[in-house]
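J.: Sequence:
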Amino acid sequence: MIDFMLEAANYPFSIALAIMVLIAAIEGVGTLLGFALSGLLDNLMPELDIDVDTPDLNDHGAFGEFLTWLRLREVPVIVVLIAFLTSFSVTGYVIQYVLNSSVGFILPSLIAGPIALFLCLPGVRLFAGVLGKIMPKDETEAVGTASFIGRTAVITLGTASRGEPAQGRLKDKFGKSHYVMIEPDLDDHQFKQGEETLLVRQDGATFFAIKQP
Numbered sequence: 002m003i004d005f006m007l008e009a010a011n012y013p014f015s016i017a018l019a020i021m022v023l024i025a026a027i028e029g030v031g032t033l034l035g036f037a038l039s040g041l042l043d044n045l046m047p048e049l050d051i052d053v054d055t056p057d058l059n060d061h062g063a064f065g066e067f068l069t070w071l072r073l074r075e076v077p078v079i080v081v082l083i084a085f086l087t088s089f090s091v092t093g094y095v096i097q098y099v100l101n102s103s104v105g106f107i108l109p110s111l112i113a114g115p116i117a118l119f120l121c122l123p124g125v126r127l128f129a130g131v132l133g134k135i136m137p138k139d140e141t142e143a144v145g146t147a148s149f150i151g152r153t154a155v156i157t158l159g160t161a162s163r164g165e166p167a168q169g170r171l172k173d174k175f176g177k178s179h180y181v182m183i184e185p186d187l188d189d190h191q192f193k194q195g196e197e198t199l200l201v202r203q204d205g206a207t208f209f210a211i212k213q214p
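When we follow the numbering used here, the leftmost residue of the sequence shown carries the number 2, and every step to the right adds one.
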């Protein structure tokens with residue numbers, strides 16, 4: 002079975018499975034240590050600037066409707082990502098196993114991958130929904146980054162100056178910690194590690210702050 006899973010044609014599915022296990026492990030350890038991988042994902046992908054907490058998500062068109070269908074308004078992005086990687090991997094392995102058992106061959110990865118990608122989407126929705134029901138409510142509330150404005154954030158790593166953001170931590174309305182990149186809103190301000198700031202505006206993945214009054 003291990004040899005089958007590690008076949009070259011099954012590389013997309015074995016890689017997806019490995020990434021899923023790694024993310025789940027990091028998120029699990031992070032929960033114990035107060036470190037939010039899900040918060041850092043927003044900074045690694047700044048171009049994905051869609052506020053899933055707003056009721057008019059469907060205004061983003063078909064893509065917004067698709068994200069809603071995947072339950073991105075019901076569970077955190079990290080949960081949907083784990084659900085996708087799991088569903089994609091399982092779907093791909095099932096397809097290849099059935100073919101290998103019935104006709105004696107498996108599809109090349111360039112063919113099996115897109116097929117599994119399409120067929121796994123209902124599984125993503127189902128798996129994300131199940132996780133949303135079994136996880137504590139305060140851990141499954143998806144909040145938009147726009148709701149961070151007006152909240153207090155503590156600089157956790159580095160020194161923030163104009164043009165050189167540093168990492169900070171804040172808590173949302175559900176008490177969940179998020180990690181964001183913070184930059185002073187005023188040119189002559191500088192925030193050192195451990196200093197409290199007040200977030201006043203957002204530009205992409207970067208938040209601008211003033212000194213806590």
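Read the hints as simulated data drawn from the structure, not as lab findings.
Just to be clear, a hint being listed does not mean it is correct.
What the hints assert, rightly or not - As a list, the in silico BS3-like pairs of lysine-lysine whose alpha-carbon atoms are at most 27 Å apart:
| no. | residue 1 | residue 2 |
| --- | --- | --- |
| 1 | Lys212 | Lys172 |
| 2 | Lys134 | Lys193 |
| 3 | Lys177 | Lys193 |
| 4 | Lys174 | Lys193 |
Said to hold, decoys possible - Pairwise CB distance ranges (calculated):
| no. | residue 1 | residue 2 | range |
| --- | --- | --- | --- |
| 5 | Ile116 | Met2 | 17 to 27 Å |
| 6 | Val131 | Gly205 | 45 to 55 Å |
| 7 | Asp189 | Ile116 | 51 to 61 Å |
| 8 | Lys193 | Ile112 | 50 to 60 Å |
| 9 | Ile211 | Phe5 | 54 to 64 Å |
| 10 | Ser103 | Gln203 | 51 to 61 Å |
| 11 | Val99 | Gly164 | 18 to 28 Å |
| 12 | Pro109 | Gly195 | 27 to 37 Å |
| 13 | Ile112 | Ile20 | 37 to 47 Å |
| 14 | Glu8 | Thr160 | 46 to 56 Å |
| 15 | Ile116 | Thr69 | 17 to 27 Å |
| 16 | Ile27 | Val95 | 40 to 50 Å |
None of these values were measured; they are calculated from a predicted model.
Even for Gly, the Cβ is constructed at its ideal location relative to N, Cα and C.
J.: Hints first: check each against the structure and report whether it holds.
T.: Quick rundown of the hints versus the structure:
1. Lys212 - Lys172: Roughly 17 Å separates the two Cα atoms, so the pair holds.
2. Lys134 - Lys193: 40 Å, violated
3. Lys177 - Lys193: The given pair, whose Cα atoms are some 23 Å apart, holds under the 27 Å limit.
4. Lys174 - Lys193: Satisfied, since the Cα-Cα distance of roughly 25 Å is no more than 27 Å.
5. Ile116 - Met2: 17 to 27 Å: 21 Å, holds
6. Val131 - Gly205: 45 to 55 Å: 33 Å, violated
7. Asp189 - Ile116: 51 to 61 Å: Cβ of Asp189 to Cβ of Ile116: about 57 Å, so the range 51 to 61 Å holds.
8. Lys193 - Ile112: 50 to 60 Å: 54 Å, holds
9. Ile211 - Phe5: 54 to 64 Å: 58 Å, holds
10. Ser103 - Gln203: 51 to 61 Å: Between Ser103 and Gln203, where Cβ atoms are some 53 Å apart, the hint holds.
11. Val99 - Gly164: 18 to 28 Å: 55 Å, violated
12. Pro109 - Gly195: 27 to 37 Å: 54 Å, violated
13. Ile112 - Ile20: 37 to 47 Å: 21 Å, violated
14. Glu8 - Thr160: 46 to 56 Å: 50 Å, holds
15. Ile116 - Thr69: 17 to 27 Å: Holds: the Cβ-Cβ distance is about 25 Å, inside 17 to 27 Å.
16. Ile27 - Val95: 40 to 50 Å: Between Ile27 and Val95, where Cβ atoms are some 27 Å apart, the hint is violated.
The structure fails to meet hints 2, 6, 11, 12, 13, 16 from the earlier list, while all remaining hints are met.
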